[in-house]
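Engineer: Protein chains in written order, with the working numbering: chain P, 318 to 430; chain U, 170 to 293.
Source of the hints: derived by calculation from the structure; they are not laboratory data.
The structure displayed is predicted, hence computed values, not measured ones.
Careful, some of the hints might be misleading.
Stated by the list, open to error - Restricting the straight-line Cα-Cα distance to at most 20 Å, the calculated cross-link-like pairs of lysine to aspartate or glutamate (DMTMM-like) are:
1) Lys-355(P) / Asp-230(U)
2) Lys-417(P) / Glu-170(U)
3) Lys-417(P) / Asp-342(P)
4) Lys-417(P) / Glu-257(U)
5) Lys-426(P) / Asp-230(U)
6) Lys-367(P) / Asp-273(U)
7) Lys-233(U) / Asp-413(P)
8) Lys-367(P) / Glu-267(U)
9) Lys-426(P) / Glu-402(P)
10) Lys-233(U) / Glu-215(U)
11) Lys-212(U) / Glu-404(P)
12) Lys-417(P) / Glu-320(P)
13) Lys-369(P) / Asp-281(U)
14) Lys-417(P) / Asp-225(U)
15) Lys-426(P) / Glu-215(U)
16) Lys-367(P) / Asp-230(U)
17) Lys-212(U) / Glu-320(P)
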Amino acid sequence: SSELTQDPALSVALGQTVRITCQGDNLRGYYANWYQQKPGQAPVLVIYGKNKRPSGIPDRFSGSSSAGSSSGNTASLTITGAQAEDEADYYCNSRDSNGKHYVFGAGTKVTVL
Amino acid sequence: EVQLVESGGGLVQPGGSLGLSCAASGFTVSSNHMSWVRQAPGKGLEWVSVIYSGGDTYYADSVKGRFTFSRDNSKNTLYLQMNSLRAEDTAVYYCARETSLSVDTAMAYYFDYWGQGTLVTVSS
Numbered sequence: 318s319s320e321l322t323q324d325p326a327l328s329v330a331l332g333q334t335v336r337i338t339c340q341g342d343n344l345r346g347y348y349a350n351w352y353q354q355k356p357g358q359a360p361v362l363v364i365y366g367k368n369k370r371p372s373g374i375p376d377r378f379s380g381s382s383s384a385g386s387s388s389g390n391t392a393s394l395t396i397t398g399a400q401a402e403d404e405a406d407y408y409c410n411s412r413d414s415n416g417k418h419y420v421f422g423a424g425t426k427v428t429v430l
Numbered sequence: 170e171v172q173l174v175e176s177g178g179g180l181v182q183p184g185g186s187l188g189l190s191c192a193a194s195g196f197t198v199s200s201n202h203m204s205w206v207r208q209a210p211g212k213g214l215e216w217v218s219v220i221y222s223g224g225d226t227y228y229a230d231s232v233k234g235r236f237t238f239s240r241d242n243s244k245n246t247l248y249l250q251m252n253s254l255r256a257e258d259t260a261v262y263y264c265a266r267e268t269s270l271s272v273d274t275a276m277a278y279y280f281d282y283w284g285q286g287t288l289v290t291v292s293s
């Protein structure tokens, strides 16, 4: 089965920009989605598709993806002007390369300093 | 308003069985692909199983042969029957709705709504 690789932890100064990456061969054919999870809460979708935000997600969250291109297998989530409330775990996910299963990255813990 | 409410979690001994439910409102489960995703204490998210709108089911290798995903269309409710439980099945279990989107030459399949989760503890 496919795997999605994320950095375990990142830190960002308040108001600065942080980029979280997700790498996996199945990302050539499927877009990565990004979820934010705070302690004791269910995950919340923050980015899906090429760079789409669900209603209520601030525009400081943006995404990029190489899906559909044979040249890249990486997706990223960028938080521009990080706020204290953005401190959370972030997970990427997509369908597996077999198209029937799903896979999550191991998560990136973002700390806002 | 879309809502997913899981129930049925609890403490069960290794080798035992437990059934989880996920009651949906605000949409029709049989018109969507629905998944169970779990999270062991202090760990990341792990996809468990999917039931497609057409009724086909698929399972992660870690639970295949032990878990069964089903739905009752009349009750708009999903079920996860878990048998032969192991300590490593201890986790919060979430049900989630999948939505898909075609963008350029690729597809996005994403979980747009999640329940609050129900805790399953497998221990003697």
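Engineer: List, from low to high, the hint numbers that the structure doesn't satisfy.
Structural biologist: When the structure is compared with the hints, numbers 1, 2, 4, 5 and 16 turn out to be violated.
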